[in-house]
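Each chain, letter by letter, is given below.
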Amino acid sequence: MNRGYVLKLALVWVAIFVVLAITFRLLEFDLPFMLNWTGFLFKGIGYTILVSAISILFSVLLALIGALARLSKNPIANGLSTFYVSFIRGTPQLVQVYMIYLGLPQVGQSLETLGAPGWLADLFVLPAIPSGILALSINYGAYMTETFRAGIQSIHGGQREAALSLGMTQGQCTRRIILPQALRIVIPPVGNDFIAMLKDSSLVSLMGVMELTWRATKIGRRYFRSLELLTVAAIFYWIMTIILQTIQGRIEARLGRGRQR
Amino acid sequence: MAPIIKVRNLHKRFKDPAHKGEWLEVIRGVDLDVEPGQVIVIIGRSGAGKSTLLRCLNFLEDPDEGTVEVDGVEIRAGEHSRERTQNIIEIRTKAGMVFQSFNLFPHMTALQNVIEGPITVKKWSRERAIAKAEEELKWVGLLDKRDEYPIRLSGGQQQRIAIARGLAMEPKIMLFDEPTSALDPELIGEVVEVMERLAREGMTMVVVSHEMHFVHDVANRVIFMDGGVFVEDAPPAVMFSNPEHEDTRQFLTHIL
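So the protein lines, in turn, are chains A and B. Remember, my numbering sits 17 above the position in the first sequence when you count from 1. Remember, my numbering sits 1303 above the position in the second sequence when you count from 1.
Since the hints were derived computationally from the structure, they do not count as laboratory data. Since the model is a prediction, treat every value here as computed from it, not as a measurement. All C-beta atoms, glycine included, are put in the ideal place defined by N, C-alpha and C. Just to be clear, a hint being listed does not mean it is correct.
[Unchecked claim] Stretches of chain A that chain B covers, calculated by requiring three or more beta carbons in the stretch to come under 8 Å of a beta carbon on chain B:
{"#": "1", "stretch": "59 to 65"}
{"#": "2", "stretch": "209 to 218"}
[Said to hold, decoys possible] Below, a list of computed lysine-lysine pairs in the DSBU-like style, where the Cα atoms sit at most 35 Å apart:
{"#": "3", "chain 1": "A", "residue 1": "K60", "chain 2": "B", "residue 2": "K1426"}
{"#": "4", "chain 1": "A", "residue 1": "K25", "chain 2": "A", "residue 2": "K216"}
{"#": "5", "chain 1": "A", "residue 1": "K90", "chain 2": "B", "residue 2": "K1425"}
{"#": "6", "chain 1": "B", "residue 1": "K1425", "chain 2": "B", "residue 2": "K1441"}
{"#": "7", "chain 1": "B", "residue 1": "K1426", "chain 2": "B", "residue 2": "K1441"}
{"#": "8", "chain 1": "B", "residue 1": "K1425", "chain 2": "B", "residue 2": "K1323"}
{"#": "9", "chain 1": "B", "residue 1": "K1309", "chain 2": "A", "residue 2": "K90"}
{"#": "10", "chain 1": "A", "residue 1": "K90", "chain 2": "B", "residue 2": "K1441"}
{"#": "11", "chain 1": "A", "residue 1": "K216", "chain 2": "B", "residue 2": "K1441"}
{"#": "12", "chain 1": "B", "residue 1": "K1426", "chain 2": "B", "residue 2": "K1309"}
{"#": "13", "chain 1": "B", "residue 1": "K1475", "chain 2": "A", "residue 2": "K90"}
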């Protein structure tokens, strides 16, 4: 890129921010109010990160199991995995969240009428945060199952043959040869999913988890200053994703180095 | 001496990709005896069944009929049992294989590639495996590349590492599936040299290759395969100077 182009690009960005600033001015944004509540909103980031980080761990685990099941010759494993991916990808995330938060207690109740002990029924009444984590993990696990499956299938068949010809079992071959190569391939898409999940974690605000979005809407409504606080929340999300993108870029560069001549 | 490889009435069929519902019989009843220490080269046109036959010997392809016996371990086609799976693994540890496209593990260094089999399959200690691997890497002349990843090595070097990887398992037989076909011409020599040395050290070898230097210098028997059967099986001197069949003669004029 030549310098003239870079300069023009910078100007466009400056112009965007000027227009935004004028708009905020015209809408009579209450800046002191925003600054006043920024600290309160900031405390919600902890929940956002907690929920997304735990969910991404569980979804990677689910995706790994899902992908191996999908590729196995066992009809039960294959069928279960296919159903899981199809159903979760075919239904809205919001419905899934409500099914777990509002629907599961009903399952527990039914079990109790069928004669199950009370403690078992209680297990189905999940608090908000575990519900959110469960919903996000199951949802992202389904999408990532497809990512992992593609990653595993992208490994050349000769790799498996070479491993088998050494006398490895199918399991040894998968663990030692196929998965390490497949995981390296799926790191960029999993990084993308993590960034998406950071934002989707706002869904758990619906269950009353005091995370970023919940705080913004709660206080915003109370003072009729929703736009201000949602803007603050949006900026927080934006900054977090930019940080994550940078980290992702670094990881990819590092992994790429081992693959270059 | 009792043969170390004994194949009887081997058949292998594949689904015909060109005609749906039909089957192609790629191997049509092959018998093969290989004595310990023999070097056998299989030649023939593309599609003659050479590679498939080789891959049936260590069950990368499962034959449809017949028996394969390697160093006393006999496996019949069509059986399925836990014991059979164990027997296949045993045959694979007795017979190393070298592929046309090397198939080194790209996420491992040369050394890691070579110690992988002994550690994972034979449950050797890391120290013992490394000692063995360094010995084999030295033998193929690549000890100085022990910590390089395959992508940084030439095709000839990768194939020599692949040979070292097979030898580290201390096999009794080595199978070579067109080991020089994917190599640039100037790199073929270094791989052939290693294979010739291996033959002179008494390794039993079954090789699919049209590398005529190798065939001339070290093969005990050359088998011309066509249409899934052995057309001719003779020492190289006889095969090249005075082939019995017209088909063999025609084929040889193409490759010599």
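We went through each hint and held it up to the structure:
1. 59 to 65: That given contact is violated, which follows from only 0 residues of the stretch 59 to 65 of chain A lying within Cβ reach (below 8 Å) of chain B.
2. 209 to 218: violated (count 0)
3. K60(A) with K1426(B): violated, 52 Å
4. K25(A) with K216(A): holds, 31 Å
5. K90(A) with K1425(B): holds, 27 Å
6. K1425(B) with K1441(B): holds, 21 Å
7. K1426(B) with K1441(B): holds, 23 Å
8. K1425(B) with K1323(B): Violated: K1425(B) and K1323(B) sit about 43 Å apart, past 35 Å.
9. K1309(B) with K90(A): Cα-Cα ~32 Å, so holds.
10. K90(A) with K1441(B): violated, 42 Å
11. K216(A) with K1441(B): violated, 55 Å
12. K1426(B) with K1309(B): holds, 29 Å
13. K1475(B) with K90(A): holds, 33 Å
Violation of the numbered hints given earlier is confined to hints 1, 2, 3, 8, 10, 11; the remaining hints are satisfied by the structure.
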